[in-house]
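Heads up: the sequence lines are chains P and C, in that order.
The opening residue of the first sequence carries number 1 in the working numbering; numbering runs sequentially from there.
The opening residue of the second sequence carries number 1 in the working numbering; numbering runs sequentially from there.
Heads up, a few of these hints could be off.
Claimed, not checked - DSSO-like mimics (lysine-lysine), calculated; alpha carbons at most 30 Å apart, straight line:
hint, chain 1, residue 1, chain 2, residue 2
1, P, LYS51, C, LYS43
2, C, LYS82, P, LYS302
3, P, LYS43, C, LYS51
4, P, LYS43, C, LYS298
5, C, LYS82, P, LYS43
6, C, LYS302, P, LYS43
7, P, LYS116, C, LYS298
8, C, LYS130, P, LYS298
9, P, LYS302, C, LYS51
10, C, LYS51, P, LYS293
11, P, LYS293, C, LYS116
12, P, LYS254, P, LYS51
13, C, LYS178, C, LYS206
Stated by the list, open to error - Simulated coverage check for chain C against chain P, where a stretch passes if three residues somewhere in it have a Cβ under 8 Å from a Cβ of chain P:
hint, stretch
14, 74 to 83
15, 314 to 326
For the record, the hints were derived by calculation from the structure and aren't laboratory data.
Owing to the predicted nature of the structure, the values given are computational and were not obtained by experimental measurement.
For every residue, glycine included, the Cβ atom is placed at its ideal position computed from N, Cα and C.
2 protein chains.
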Amino acid sequence: MPFGFELSKKCKESQARRGRITTSRGVIETPAFMPVGTQATVKAIAPRDLKELGSRIILANTYHLYLRPGMGVISEAGGLHKFMSWDGAILTDSGGFQIFSLQGLRDISEEGVKFKSHIDGSSHFFTPEKVVEIQHILGSDIIMPLDECLPYPSDYEYAKYSLARTNRWAMRSIEFHKNSGKWHEQALFGIVQGGMFNDLRVESVKALIEMDFPGYSIGGLSVGEPKEIMHQVLDYTTPLLPADKPRYLMGVGKPEDFFECIQRGIDMFDCVLPTRIARNGTVLTWKGKIVLKNSQYKNDFKPIDENCQCYTCRNFTRAYLRHLFIADEILGAYLATYHNLFFLERLLERIRASIDDDRFINFKEDFLNRISLR
Amino acid sequence: MPFGFELSKKCKESQARRGRITTSRGVIETPAFMPVGTQATVKAIAPRDLKELGSRIILANTYHLYLRPGMGVISEAGGLHKFMSWDGAILTDSGGFQIFSLQGLRDISEEGVKFKSHIDGSSHFFTPEKVVEIQHILGSDIIMPLDECLPYPSDYEYAKYSLARTNRWAMRSIEFHKNSGKWHEQALFGIVQGGMFNDLRVESVKALIEMDFPGYSIGGLSVGEPKEIMHQVLDYTTPLLPADKPRYLMGVGKPEDFFECIQRGIDMFDCVLPTRIARNGTVLTWKGKIVLKNSQYKNDFKPIDENCQCYTCRNFTRAYLRHLFIADEILGAYLATYHNLFFLERLLERIRASIDDDRFINFKEDFLNRISLR
Numbered sequence: 001m002p003f004g005f006e007l008s009k010k011c012k013e014s015q016a017r018r019g020r021i022t023t024s025r026g027v028i029e030t031p032a033f034m035p036v037g038t039q040a041t042v043k044a045i046a047p048r049d050l051k052e053l054g055s056r057i058i059l060a061n062t063y064h065l066y067l068r069p070g071m072g073v074i075s076e077a078g079g080l081h082k083f084m085s086w087d088g089a090i091l092t093d094s095g096g097f098q099i100f101s102l103q104g105l106r107d108i109s110e111e112g113v114k115f116k117s118h119i120d121g122s123s124h125f126f127t128p129e130k131v132v133e134i135q136h137i138l139g140s141d142i143i144m145p146l147d148e149c150l151p152y153p154s155d156y157e158y159a160k161y162s163l164a165r166t167n168r169w170a171m172r173s174i175e176f177h178k179n180s181g182k183w184h185e186q187a188l189f190g191i192v193q194g195g196m197f198n199d200l201r202v203e204s205v206k207a208l209i210e211m212d213f214p215g216y217s218i219g220g221l222s223v224g225e226p227k228e229i230m231h232q233v234l235d236y237t238t239p240l241l242p243a244d245k246p247r248y249l250m251g252v253g254k255p256e257d258f259f260e261c262i263q264r265g266i267d268m269f270d271c272v273l274p275t276r277i278a279r280n281g282t283v284l285t286w287k288g289k290i291v292l293k294n295s296q297y298k299n300d301f302k303p304i305d306e307n308c309q310c311y312t313c314r315n316f317t318r319a320y321l322r323h324l325f326i327a328d329e330i331l332g333a334y335l336a337t338y339h340n341l342f343f344l345e346r347l348l349e350r351i352r353a354s355i356d357d358d359r360f361i362n363f364k365e366d367f368l369n370r371i372s373l374r
Numbered sequence: 001m002p003f004g005f006e007l008s009k010k011c012k013e014s015q016a017r018r019g020r021i022t023t024s025r026g027v028i029e030t031p032a033f034m035p036v037g038t039q040a041t042v043k044a045i046a047p048r049d050l051k052e053l054g055s056r057i058i059l060a061n062t063y064h065l066y067l068r069p070g071m072g073v074i075s076e077a078g079g080l081h082k083f084m085s086w087d088g089a090i091l092t093d094s095g096g097f098q099i100f101s102l103q104g105l106r107d108i109s110e111e112g113v114k115f116k117s118h119i120d121g122s123s124h125f126f127t128p129e130k131v132v133e134i135q136h137i138l139g140s141d142i143i144m145p146l147d148e149c150l151p152y153p154s155d156y157e158y159a160k161y162s163l164a165r166t167n168r169w170a171m172r173s174i175e176f177h178k179n180s181g182k183w184h185e186q187a188l189f190g191i192v193q194g195g196m197f198n199d200l201r202v203e204s205v206k207a208l209i210e211m212d213f214p215g216y217s218i219g220g221l222s223v224g225e226p227k228e229i230m231h232q233v234l235d236y237t238t239p240l241l242p243a244d245k246p247r248y249l250m251g252v253g254k255p256e257d258f259f260e261c262i263q264r265g266i267d268m269f270d271c272v273l274p275t276r277i278a279r280n281g282t283v284l285t286w287k288g289k290i291v292l293k294n295s296q297y298k299n300d301f302k303p304i305d306e307n308c309q310c311y312t313c314r315n316f317t318r319a320y321l322r323h324l325f326i327a328d329e330i331l332g333a334y335l336a337t338y339h340n341l342f343f344l345e346r347l348l349e350r351i352r353a354s355i356d357d358d359r360f361i362n363f364k365e366d367f368l369n370r371i372s373l374r
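Chain P with its partners taken away, still in its complex shape (with noise of 0.2 Å):
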């Protein structure tokens, strides 16, 4: 089945909408967050946990994959997916976000980005060709053109100078995907950039538009700007994006976050924080974050949420919990990120029902006074 996207419902007090996602590999609702994969594995747990919890697609990463464990075994294996033993989505990031934070590691110019492993330190050449085709011997089911990613702050001429040239390696990217055969098979999107610079964005959102890509994803931002430059670049960016086509903004997933951006018109979502933080052994709740760590949860015998309903909250306290992480055992790490992930799972399930219901200001007001009452 060729990708597709329709969109059901329209927020009447913002931009918030509800939509799905057609791939082969499935159906997926909007908006969606997708739990981040990078090295072919959600980090602490197995795929069959993911599928239990409601996870429908997931992230990984071009450049992690094609340094380790190499293309010849993800060919040989039949693609990422089987490789991997996962049979719902995947989306995957071109690298380029990876590549442009190797600080005196990369040397970039018109044709490509050289760069040096940070396994290994040895050189390899990405260009934009070469980054779609390794997303075909992925077989991933969304793929990203290779982009340059800007820090924030950036100087305003060069973020133009940059943007000039992602335009065009997103033109390449196109062209050789479609050449390829590949263009129904797996899903190109267009990355928006253009640094916290609102007429940029607007350029790169023109320009990506002309190329009609099936999707769009923004990018460039949660780099370290204020939120409220983000949700500013949002406010200019999501409104000129073609309304029939998702919108995906990279690398966002606080539970607050989704909040906001969906109200800007944001339809998905990857982070790496909800696993991260949980493999730390900070967990989500509907009131906010809890650090299990801390002395207070020492005899505490509640589950992390009492409204949760997930493996973990039915059968461990935070007690046995703050246990495992004091005496460092992984067991934790699988527990925490198996609640974190059905957490958020939950929470895009509640957001998406209140703007089938209309209440999606209401329910967005109600969250963040829960959380920030903590």
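Dock chain C against the given chain P, drawing on the hints supplied.
Just chain C now, kept in the frame of chain P:
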């Protein structure tokens, strides 16, 4: 239901035997292997996974749990089973082995043993009575008395002196346990000691039999002595133990050990090795061990063991598991632990069937030949 043991079959060619242990938390077919959950968790795996792969009894450690999280927490949780959400049986070791491994940090007297915590250096004093009392709070189904576990090699005079004291401690443990009213709720085993000295082992067995325990542990083995010596000690010891009581060989549990020790009349095993090596990427197969990190598995798309039906083998390849270990991904520890414990459960199942069908020695030879072929 009170603790019970029923012998159902004896091997004609060896001391091997089939039986079943009954506890209020379920039946355990013997010979049985007990995964080790020292700190109230079998490392890297959840209780529901243990249930699924067939574990019926696990081990936990009095010394470790007393120090962390401490008895206050476990008592308030309602005991160890509730604390860790495990409704199968639990056997707790007394901590004798751990305390006597604390070289220079412990001071032994007739009354008991003073030791310093390996976690924070705080001082503690264990008496035989206190160790039983702690296990009353833990609520484990099978409990161990405080004993002195000798290193290898040990001096005969000291071994004789130590054994006499360990026997007096066993007597004090039994009296305290009987007077507590928990005699029928929790089965206290006697621990055979005596170093590698056959006459002392015989003396130990005789003294313990007189005290009439519901089961017997064989301690002080697998502490660095050659395998032949361990076998010799068992050859001397197990035939003297009452046939109608279970025999637990402490700290032993490699696949090849099962055969040698079951042949010598052992019913129960525990060992950290199968789970510890799993976390480093070494897995068990019907053809011997596999070190997954080895480069030969880079493009090996077979499961760990083609004859294994575990979650790991049904879904993941050696190449993928190797990638997880090379990339330092926690999921590797989970999947390898799951496999190793599943493998051992199936191995014990097959050993039990071979005793039932009078072909234990055949099966032993067949298995040992197969694993030595690699």
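We went through each hint and held it up to the structure:
The suggested pairing of LYS51(P) with LYS43(C) holds, with an alpha-carbon distance near 23 Å, which does not exceed 30 Å. For the hint linking LYS82(C) to LYS302(P), the alpha-carbon distance of about 12 Å falls within 30 Å, and the restraint holds. A distance of roughly 23 Å separates the Cα atoms of LYS43(P) and LYS51(C); the hinted pair therefore holds under the 30 Å criterion. Among the hinted pairs, LYS43(P) with LYS298(C) is consistent with the structure: their alpha-carbon atoms are about 21 Å apart, no more than 30 Å.
For the hint linking LYS82(C) to LYS43(P), the alpha-carbon distance of about 27 Å falls within 30 Å, and the restraint holds. At most 30 Å may separate the alpha-carbon atoms for a hinted pair to count; LYS302(C) and LYS43(P) meet this at roughly 23 Å. The hinted pair formed by LYS116(P) and LYS298(C) meets the criterion: a straight-line CA distance of about 22 Å does not exceed 30 Å. With a C-alpha separation of about 23 Å, the suggested pairing of LYS130(C) with LYS298(P) holds against the 30 Å cut-off.
Note on LYS302(P) and LYS51(C): the hinted pairing holds, with a Cα-Cα distance of about 24 Å set against a maximum of 30 Å. A C-alpha spacing of about 28 Å is found between LYS51(C) and LYS293(P), which places the hinted pair at or below 30 Å, so the restraint holds. Note on LYS293(P) and LYS116(C): the hinted pairing holds, with a Cα-Cα distance of about 24 Å set against a maximum of 30 Å. For the proposed pair LYS254(P) and LYS51(P), the alpha carbon gap of about 21 Å is at most 30 Å, so the pair holds.
The hinted pair formed by LYS178(C) and LYS206(C) meets the criterion: a straight-line CA distance of about 20 Å does not exceed 30 Å. Counting residues of the stretch 74 to 83 of chain C whose CB lies closer than 8 Å to any CB of chain P gives 3, so the stated coverage by that chain holds, three being the minimum. With 9 residues bearing a CB less than 8 Å from a CB of chain P, the stretch 314 to 326 of chain C meets the requirement of three and the coverage assertion stands.
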